[in-house]
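Participant: Line order of the protein sequences matches chains A and B.
The opening position of the first sequence corresponds to residue 0 in numbering that gives the first Met the number 0, with each subsequent residue numbered one higher.
The opening position of the second sequence corresponds to residue 0 in numbering that gives the first Met the number 0, with each subsequent residue numbered one higher.
Treat the hints as calculated values from the structure; they're not laboratory data.
Positions of the beta carbon are idealized from the N, C-alpha and C atoms, including for glycine.
A portion of the hints provided could be inaccurate.
[Said to hold, decoys possible] Some chain B residues near chain A, calculated using beta-carbon distances under 7 Å:
1. Asp25
2. Ala26
3. Tyr118
[Claimed, not checked] Using 27 Å as the maximum straight-line C-alpha spacing, the simulated DSSO-like pairs for lysine-lysine come out as follows:
4. A:Lys305 <-> B:Lys163
5. B:Lys98 <-> A:Lys325
6. B:Lys98 <-> B:Lys18
7. A:Lys51 <-> B:Lys18
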Amino acid sequence: MTSELKTEHITINMGPQHPSTHGVIRFVIKTDGEIIHECDPDVGYLHRGIEKIAESVTWQGFVPFTDRVDYLASMNANWAYCMAVEEMLGTEVPERAEYIRVIAGELNRISSHLVAIGAADMDMGAITPFVQLLREREYINDLLEMICGARLTYNYYSIGGVNYDLPEGFSIKVMGFLDHFEVAVEQMHRLVTYNQIFINRFANVAAVSPEMAMDYNFVGPNLRGSGVKYDVRRNKPYSIYDKLDFEIPIGTASVGTLGDCYDRYFVRVEEIRESVKILRQCLQQIPEGEIQAKVKNAIKPPVGHKYIRTETPRGDTGYFIYSDGKTSPSRLKIRTGSFTGMSIIPELARNIFIADLVAVIGSLDIVAPELDR
Amino acid sequence: MNTTEIIDLIQKNTQIEVKASENSYDASIIVEPKDVLPVMKFLKLSRDLSFKVLSSHTAVHDGEDFKLFWNLLSYEHNLETTIESSVPVVSPQIQSVCKVWKAADWLERESYDLFGIQYIDHPDLRRIMLPEDWIGFPLRKDYQSPEGYQDIENSRSEIDKRFKP
């Protein structure tokens, strides 16, 4: 009887306006009941041609566009681009500016991770943690508004330094926030991290081995979740990171398999704590002085190509710049963690439940504008 | 390990002529298009180098040629290098490196989409960012933006610099 029954795969469409695809991404899924047989991500809905725009604006004029590449961590996106141009020009950034950059960047890293964790929780059906974490993010937005006036797309870093100095009383406010925030992180642990329902949804789902992670060019927390101890801040230090004391958390398979969704999630939580540590050190050590190096109005970097990587919340963001000695780049390629992270989905989604695909996307922390650029 | 040492290793083990590029910030290794695949295979499998990560791959439209760049990383030895090659704009064909790194799949699809570079032996070479029926390759320097796409007109905004409300 059963051998006569014919089964066929049903093709269903998930997205582009699906609440749990984190932006406008579409998945074409061939399913066998609840189990995914084949998954083909269709990206490009947010392709705005930022790389083409770069060829027609000046070097300084491109900084606001980098905000739009990754709106959850614009500070870090600014930083990556500004650092690439500084390296090309050979500009020395003043020490105070470097400290301010680290402070702003790490605050933004925390706020980005909070959204990543909160959104992953919400995809699993837990609304409360998302609201709680977004409340913490609001405090960070207030702090970042204090230093640059914007709450989402900051345009704060400039080539050679930062645009404004820290306002009066800023470090006291940040210190106050950190004291409060450390308690909030503990609360979050009680609410989510050690929650058995959450562990059951995340542990042992879509494990990525270290070899696979490197083959697919995983970066940042996703790579470290698979147990590869690599962080650009530590392995190729830039700015003042070599003076700071912090740990690189990696996945340990504490409740499941190495490199599963839970490991990726847990690395982010631990990274938040390390960022708090970095912030405390910076606020104590920050020197007085200039915040902007002297940079000519019309920048014309010499002919050549440069590839610079920085550690943003979504892993190392690479800026490949090809200059032909004119006032705008001849070619600018932004290599982002979401793009290469996404390319693993067809392989990872095979033979898992549709509900688990949502967990995978949530744990990879994919941001659609960064994916499509 | 610097670029000269990497070049020596490549030449000693694969007998392929490669040379260092000049005039750039990052030292890079220039490889002939036909030798790209064997050189990449060696770079990944060599124990002294083990470039297991393809960090980035892109093309640059430079006059008559497309310059192609591969940025490789080795977490094991904390190394970084850039491989450079060039193909003519009239027949932009190069061997795909998908078999070496899986990350190359989407990176090559992207540069096919935006530059029109044909990757030989790529498993699934189709557009990734733009719609499948898009005409032309936007990141080429001689690209003209279309007058419209399907029913959407691509006319300039009526508000220009002289506009006064």
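Participant: So, for every hint listed, does it hold in this structure?
Facilitator: Okay, the hints, checked on the actual structure:
{"no.": "1", "hint": "Asp25", "verdict": "6 Å, holds"}
{"no.": "2", "hint": "Ala26", "verdict": "10 Å, violated"}
{"no.": "3", "hint": "Tyr118", "verdict": "15 Å, violated"}
{"no.": "4", "hint": "A:Lys305 <-> B:Lys163", "verdict": "43 Å, violated"}
{"no.": "5", "hint": "B:Lys98 <-> A:Lys325", "verdict": "38 Å, violated"}
{"no.": "6", "hint": "B:Lys98 <-> B:Lys18", "verdict": "24 Å, holds"}
{"no.": "7", "hint": "A:Lys51 <-> B:Lys18", "verdict": "31 Å, violated"}
Of the hints listed earlier, those the structure fails to meet are numbers 2, 3, 4, 5, 7, in rising order.
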